[in-house]
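Colleague: Chain by chain, the residues run as shown.
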Amino acid sequence: MRHRALVLVALAAASCVTSGKLRESATSLRAEVDKAKRSGAAKCAPKELALAESNVDFADAELASGDPRRAKQHLDVAEVNVTKALDMSKTCAPTQVIIAKKEEPKAVRIEKIDTDGDGIPDIDDQCPNEPGPPENHGCPLVKDTDGDGIPDEIDRCPLDPEDFDGWQDEDGCPDPDNDGDGIVDKNDACPNEPGPIENKGCPVGDKDLDGVPDNLDKCPNDPGPPPDGCPRHYSLIEVQKDQIVTKVQVKYATAKYRVLPESYKLLNQIVQAMNDYPKMKVLVAGHTDSRGKQASNMKLSQRRAESVVDYLVTKGISQDRLQAIGYGPTQPVASNKTNTGRAKNRRTEFKIVSME
Amino acid sequence: MRLLSALLVLGTLVGCGPVQSTATLIDAEVALEAARTAGARENAAYEYALAEAYLTKAKETVNRARYESATEFAHKAKELANEARKKAASASNSSGATP
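Going down the list, the sequences are from chains A and B. Going letter by letter, the first sequence gives residues 1 to 356 in the numbering used here. Going letter by letter, the second sequence gives residues 1 to 99 in the numbering used here.
One or more of the hints may lead you astray.
Claimed, not checked - Here are the computed lysine to any residue pairs in the SDA-like style, where the Cα-Cα straight-line distance is at most 25 Å:
{"no.": "1", "chain 1": "A", "residue 1": "Lys47", "chain 2": "B", "residue 2": "Glu29"}
{"no.": "2", "chain 1": "A", "residue 1": "Lys35", "chain 2": "B", "residue 2": "Glu83"}
{"no.": "3", "chain 1": "A", "residue 1": "Lys247", "chain 2": "A", "residue 2": "Gln269"}
Unchecked claim - Computed beta-carbon distance windows for the label pairs:
{"no.": "4", "chain 1": "A", "residue 1": "Gln73", "chain 2": "B", "residue 2": "Ala65", "range": "16 to 26 Å"}
{"no.": "5", "chain 1": "A", "residue 1": "Asp87", "chain 2": "B", "residue 2": "Glu68", "range": "30 to 40 Å"}
{"no.": "6", "chain 1": "A", "residue 1": "Cys92", "chain 2": "B", "residue 2": "Asp27", "range": "27 to 37 Å"}
{"no.": "7", "chain 1": "B", "residue 1": "Ile26", "chain 2": "A", "residue 2": "Thr91", "range": "34 to 44 Å"}
{"no.": "8", "chain 1": "A", "residue 1": "Cys92", "chain 2": "B", "residue 2": "Ala65", "range": "34 to 44 Å"}
{"no.": "9", "chain 1": "A", "residue 1": "Thr91", "chain 2": "B", "residue 2": "Ala65", "range": "39 to 49 Å"}
{"no.": "10", "chain 1": "B", "residue 1": "Asp27", "chain 2": "A", "residue 2": "Thr91", "range": "37 to 47 Å"}
{"no.": "11", "chain 1": "A", "residue 1": "Gln73", "chain 2": "B", "residue 2": "Glu68", "range": "13 to 23 Å"}
{"no.": "12", "chain 1": "A", "residue 1": "Gln73", "chain 2": "B", "residue 2": "Glu79", "range": "19 to 29 Å"}
{"no.": "13", "chain 1": "A", "residue 1": "Ala64", "chain 2": "B", "residue 2": "Glu79", "range": "19 to 29 Å"}
{"no.": "14", "chain 1": "A", "residue 1": "Lys35", "chain 2": "B", "residue 2": "Ile26", "range": "35 to 45 Å"}
To be verified - Negatives, chain A to chain B, calculated, CB over 12 Å:
{"no.": "15", "residue": "Pro213"}
{"no.": "16", "residue": "Met298"}
{"no.": "17", "residue": "Asn336"}
{"no.": "18", "residue": "Arg347"}
Just so you know, these hints were derived from the structure itself, not from any lab. Every residue gets a Cβ at the ideal spot worked out from N, C-alpha and C, and that includes glycine.
One chain only, chain A, in its complex shape:
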């Protein structure tokens, strides 16, 4: 008895579960039926649609009366027919044309900024920070009185147009005599290099580099002081291009730096040469042999060179034209192993630093 009761309860529970699922199926199929109706199945598949719709109703009725088996049969019929109805509606139903509502184009508002306030927005203004008229793209008008293309504010000659002859064309000033040699450019064979009119405005060479132009140099191949450019002949020295060669050595007191009077004649000729070449600058270089301590020799050679410079200054040569350097034994010209060699190494040289 108890066993039968349990079986009945189980069957009842199973029936509830089955009915619930069938109701869900019925609801789902009814939605499909509605969809088929919207697809035009009433015209394209009237019988299938009718069978589907009616069988869903019948299934509901059977479920309500407690007969899920029959309800299931109706749902099966409904499912088959609604599927057919939907399929048939695809090819039969009139094409549904959906006319989309035309969207109004969205207006994009762009804020135009005009930093310099010239009425031209920055985006179109080539000079957004400087006011200027539209015809100049928003840039300030440049004043150019002489019309040479160089604005007045940087034109050194705002009233005279630049001649653009390749000579200082950036300053805005015309350059009728580029090289300033007194010969106007149109008559100057060398407008950018100064030269005398005798040479058609072209520079005259100076082969011997003595500072006297060749056209004035009576000895163009031998350096010599102005005015004739011919070398002076000194008995104890010889002026060469890079040094004044002494034929005798400057003599100093032994182990001291004082110049001995017997060397005054030699130094006086140095003074004469420097007067003959007023732009000449000379380096007085003192050298010793290698005997004794190097530090002492360095100091001694320096002081001896300075003594020579001092003498020359006392004779009127400007200090600015003279320089004293003591090299000690570092630049020997002969062997320090012999007396003769050491005598040659003890020397004072006069190197010409420049002639101009």
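We have chain A; now place chain B onto it with these hints.
Modeller: Just chain B now, with coordinates in the frame of chain A:
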């Protein structure tokens, strides 16, 4: 006497179900025939098919002695048949054809 009256009432109630459903079924069948005559098979195919399905279900339900449901189905079948007939008639009138 009382017992006889009660049995009579009960018998009437039990016997009314089949009578009512049968009458409704007949009405539905007549209506469906009228619709068919009006050309509803062609011009109101959906409504006609529905009516036909409900009538079939009504008959099946009667056979199971579920008269109340059968009556409802038959009634629905009749309504649908009438609707199909009207629609078919309307379609025939608009096309100028005689049923």
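Colleague: Look at each hint and say if it fits the structure.
Modeller: Here's how the hints hold up against the structure:
no.: 1; hint: A/Lys47 / B/Glu29; verdict: 18 Å, holds
no.: 2; hint: A/Lys35 / B/Glu83; verdict: 22 Å, holds
no.: 3; hint: A/Lys247 / A/Gln269; verdict: 11 Å, holds
no.: 4; hint: A/Gln73 / B/Ala65: 16 to 26 Å; verdict: 19 Å, holds
no.: 5; hint: A/Asp87 / B/Glu68: 30 to 40 Å; verdict: 37 Å, holds
no.: 6; hint: A/Cys92 / B/Asp27: 27 to 37 Å; verdict: 34 Å, holds
no.: 7; hint: B/Ile26 / A/Thr91: 34 to 44 Å; verdict: 40 Å, holds
no.: 8; hint: A/Cys92 / B/Ala65: 34 to 44 Å; verdict: 42 Å, holds
no.: 9; hint: A/Thr91 / B/Ala65: 39 to 49 Å; verdict: 44 Å, holds
no.: 10; hint: B/Asp27 / A/Thr91: 37 to 47 Å; verdict: 38 Å, holds
no.: 11; hint: A/Gln73 / B/Glu68: 13 to 23 Å; verdict: 21 Å, holds
no.: 12; hint: A/Gln73 / B/Glu79: 19 to 29 Å; verdict: 25 Å, holds
no.: 13; hint: A/Ala64 / B/Glu79: 19 to 29 Å; verdict: 20 Å, holds
no.: 14; hint: A/Lys35 / B/Ile26: 35 to 45 Å; verdict: 36 Å, holds
no.: 15; hint: Pro213; verdict: 126 Å, holds
no.: 16; hint: Met298; verdict: 130 Å, holds
no.: 17; hint: Asn336; verdict: 137 Å, holds
no.: 18; hint: Arg347; verdict: 138 Å, holds
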